[in-house]
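Given chain B's structure and the hints, the job is docking chain F onto it.
One letter stands for each residue in the lines below.
2 protein chains.
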Amino acid sequence: MVSNTQIIFAQIPTTYPEEGKHMLVKKSEIDLDAEIPQGSVLLKTLCLSVDPYMRGRMRDASIKSYSPAFALNQPMNGHVMALVLKSNNDKFKVGDYVYGMSSFGEYVVVPEAYTAGLEVRNEAKDSGLPLTNYIGVLGMPGMTAYVGLIKFGKPKKGESLYVSAASGAVGQLVGQIGKMLGLYVVGSAGSDEKVEHLKQIGFDGAFNYKTKDTKEALAELFPKGIDIYFENVGGKMLEDVIANANRYARIVCCGMISQYNTTEPYGVRNLIQVVGKSLEIRGFIVSDSPEMREPFRKDMTKWLLEDGFKYRECIAEGIEKTPQALIDVLRGENFGKQVVKVADL
Amino acid sequence: MVSNTQIIFAQIPTTYPEEGKHMLVKKSEIDLDAEIPQGSVLLKTLCLSVDPYMRGRMRDASIKSYSPAFALNQPMNGHVMALVLKSNNDKFKVGDYVYGMSSFGEYVVVPEAYTAGLEVRNEAKDSGLPLTNYIGVLGMPGMTAYVGLIKFGKPKKGESLYVSAASGAVGQLVGQIGKMLGLYVVGSAGSDEKVEHLKQIGFDGAFNYKTKDTKEALAELFPKGIDIYFENVGGKMLEDVIANANRYARIVCCGMISQYNTTEPYGVRNLIQVVGKSLEIRGFIVSDSPEMREPFRKDMTKWLLEDGFKYRECIAEGIEKTPQALIDVLRGENFGKQVVKVADL
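One line per chain: the protein sequences are B and F, in this order. With the UniProt record's numbering, letter number 258 in the first sequence gets 258, and the count goes up by one each step, no holes. With the UniProt record's numbering, letter number 215 in the second sequence gets 215, and the count goes up by one each step, no holes.
Relax, there's no trap hidden among the hints.
Label-pair ranges, simulated between beta-carbon atoms:
1) A61(B) - I12(F): 48 to 58 angstroms
2) D213(F) - K21(B): 31 to 41 angstroms
3) P290(F) - K157(B): 23 to 33 angstroms
4) T15(F) - K215(B): 22 to 32 angstroms
5) K154(B) - S287(F): 13 to 23 angstroms
6) S67(B) - A116(F): 50 to 60 angstroms
7) S287(F) - P130(B): 51 to 61 angstroms
8) A116(F) - K154(B): 23 to 33 angstroms
Here chain B is said to cover these stretches of chain F; the calculated rule only asks that three of the stretch's residues, wherever they fall, bring their Cβ under 8 angstroms from a Cβ of chain B:
9) 248-257
10) 263-269
11) 281-295
Since the hints were made in silico from the structure, they are not lab data. Being a predicted model, the structure only gives us computed values, none of them experimental. Glycine residues also receive a C-beta, built at the ideal position from the N, C-alpha and C atoms.
Chain B extracted, bound-state conformation:
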């Protein structure tokens, strides 16, 4: 028997989730020598991804949404990179690296029904890229940036792009892809250090939304208006962007983190401009665009290895840091893509 720490969803939060109340660190044991069921695999989790959308899963299971609610008193789950320790499934071999949805535990037996959400990614063994990249820039967050900007932003060379939460898991890539496509790119973030970083990775402009009025900053940094907004924040930020948007602007809604942890959502008052400016506001979920997976992986790998793309990560060490890592993401207290390193090989 070995120790097996898991992260349990224990209670539905009304505002920000808390460790010890809504999320628990639970220690148990697992027998790694035990037989596993037909079709299942036994994984050793190497690293896991905490992302803003998980807040939406901390809800009453009776409320429908695009991703399922977390089950109460069960382990949370999300994207991981893991090593196959045992396989009773032809798709996976012992020693394979797999990427996909798995429970947040050090060791996980994935039943056959859930193995469809796993994929072998043995290229991670010798790509020269950090393993954590596979749950970030080369995983769901990276593909979210790619699909959102290219498919829904419909960028044309010379247009202007604004990215909020721009130093985050998705935003930092949206800005760099925007530059690659010939856009004028401005981002906002919540500290001067983050703002400085955005300029260093190629953003044409950046501002700290905590110390500068957004509406003024946008007017100043977008003298010709905003053509594409990659929306991660919502609320007043969205209202200020609409006020500065050009005719036919596309507002691609990836997330609205300012509205996740509040019981008093902000009322956006200038939607009448949607008519006057023929705006398009479009929410999307990356998993609805599987046709873009291969082009994304090909392009992003090239951009990382050959074109100098930077991907900043914020690495928490140890699975027991998972609750705090997620809270940091929701409060904007991380810097870069937040991941949790669970184990070495």
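Just chain F, lined up with the frame of chain B:
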């Protein structure tokens, strides 16, 4: 010399416009025998269209929007059907019926530069359809319904459609086109008489938004949720629709009349559902879709003549009724497409 009454834009309103203050009826004279400039035409206005979008033109000319501001102390203008009395332009002959943008006066000399906005529509002489139809169901409002629902609503047979301001110039057609395309259609309007009318012209359901709570009515009339919303109202109506929208719903924003005459716009608080449900909110202007003009005219003429489409009009008699007719439209006190009959042939 003959009498020539014009409608003058006299002052920018902050809420609802008023006759005698923001819009004036001005009597003057015109010499119909006078020479007209090279390239111009002299028109006798037969009927004119008042439409909600005109409220947006009653603004400070320094504010940009898709349609130009009305010039202060000049005649208002809009869509008309008119008879050519004199022509100094090869494109128009005496006796032609023309459709297009013209000043609101009984007689108008249209300078060459503005004749591009006019089009000969002599088929109106013998189509058997009322002349007023050419500024309504067969004019800009009709094409707005057609383009909005078909191009931006992207309807699929069996989906559900909700139309607000459903007995208006555009809404009544959106509903009937929706039925023609195999949709389940519900509309709302501001009186029981209008609601009854909607049911008579084929809507599957209808409710009076003044006497019934919108959110409840939508939940009741859309047990399977809303797939397409044809938005004419905005504000709380939009919020209630978002709450009842299905995943991938399209919200086609044609207008937001509830927000045109207020200094305290409503704040929509549930835009976070744009992300959760992958909603698409899209404003549009009919003039951006010229490729749909011919299909629209062909289809709509057939629907009127062969398929029993109904088009209810509200006809004010005499050009001096124009200010009140527009005010009625903005207050929802008309019933059907509001037109002003200016002259007989």
